[in-house]
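Engineer: Sequence:
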Amino acid sequence: MTSAGLIAILGAAAGFGGSIHPVGDSLAVFQLPLALIGMVLLIPQRRAVFFPTAFVGAMCMLHVLGPKVIQSAPGPYSLYQKNLSFRQHEPGLVATDILRRSPDIVTLQEVNDANMVVLEALKAEYPGQGWCPFEFVGGVAVATKWPVIAEPVCADAGGLAALKARSPSGPVWLVSLHLHWPWLYGQAAQIDALLPVLAGLDAPVILAGDFNMVPWSALVRRVADATGTVYSSVRASTYFIKGRLPVPIDHVLAGGGTGEVLPLLGSDHMGVMAWVSVP
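Numbering (numbering that gives the first Met the number 0), first residue to last: 0 to 278.
What the hints contain is simulated information worked out from the structure, not anything from laboratory work.
Check the hints yourself; a few may be wrong.
Within a straight-line C-alpha distance of at most 20 Å, the following computed EDC-like cross-link-like pairs (lysine to aspartate or glutamate) qualify [to be verified]: (1) K122 with E134; (2) K122 with D96; (3) K122 with D112; (4) K144 with E124; (5) K122 with D155; (6) K144 with D103; (7) K144 with D96; (8) K122 with E150; (9) K241 with D224; (10) K144 with E119.
Let's have the full structure, built from the sequences with the hints guiding it.
Structural biologist: Listed below in structure tokens is the structure:
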């Protein structure tokens, strides 16, 4: 039990190391359960490890849970974020929900031939649209009610669709993002290729998407730094790994804001409705 506890607490501590190696972000996904397992197994066993184990556990809890208590005032603009799922079997429900809520901005992922009807259903209310291909699961898309002032931008690395529009606050880039699964998968290389694209956008950015990564990770901080944004939504679970472990991986980055989690509506991801400001 001592060895298992030591492995768990070391894994939790390594979750802080995402800026050093992408394995740190992979461990950050499980940082809180690893810390709790380590404390349960180690603290009753050996007095010598009480303080270092308690310190690591407390830091992990602060790292994961601390941001949840930070509240931002709602912004003036609304955004609807949704990974449709390439297995989506009720696209009409999503389209109806979007039109009913009438957000200013819509960001979608896994938009394929089967659920492209969602974008088509939005065309009248959201004439400004951009879609970019990404993997077999489907592309990324962004739509807005605001006038579009530049052609949509896609990235060679995939997983990004950007649309420049004229908001009531002035020009703004609206970005939909879909990242690969983290290390051992291709997320690190993908984000290294996408960050220069994001940093090169010539107007303030409102960005949302399926990051496949938790909000306390180094990756989310890197995206926020590249775009001059802050976390602007609800830090709540939107996906269940293997249908069991809840993780928050659908995020909104802007100039501030708040949000709420929406129903699945035929997807394996919950949606997010956010009220944000322009950075």
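Engineer: Now tell me if each hint is right for this structure.
Structural biologist: Here is how each hint holds up against the structure:
1. With a CA separation close to 24 Å, the supplied pair K122 and E134 exceeds the 20 Å bound.
2. Between K122 and D96 the CA atoms are separated by roughly 15 Å; this keeps the pair inside 20 Å, and the hint holds.
3. Note on K122 and D112: the hinted pairing holds, with a Cα-Cα distance of about 16 Å set against a maximum of 20 Å.
4. At roughly 6 Å between alpha-carbon atoms, K144 and E124 fall within 20 Å of each other, so this suggested pair holds.
5. Restraint check for K122 and D155: not satisfied, since their Cα atoms lie roughly 26 Å apart, outside the 20 Å limit.
6. Of the supplied pair hints, the one linking K144 and D103 holds, its CA atoms being roughly 6 Å apart against a limit of 20 Å.
7. Simply put, K144 and D96 have alpha-carbon atoms about 16 Å apart, close enough for the 20 Å limit, and the pair holds.
8. With a C-alpha separation of about 17 Å, the suggested pairing of K122 with E150 holds against the 20 Å cut-off.
9. For the suggested pair K241 and D224, the alpha carbons sit about 31 Å apart, so the restraint of at most 20 Å is broken.
10. Between the alpha carbons of K144 and E119 the distance comes to roughly 14 Å, so the proposed pair stays at or under 20 Å and holds.
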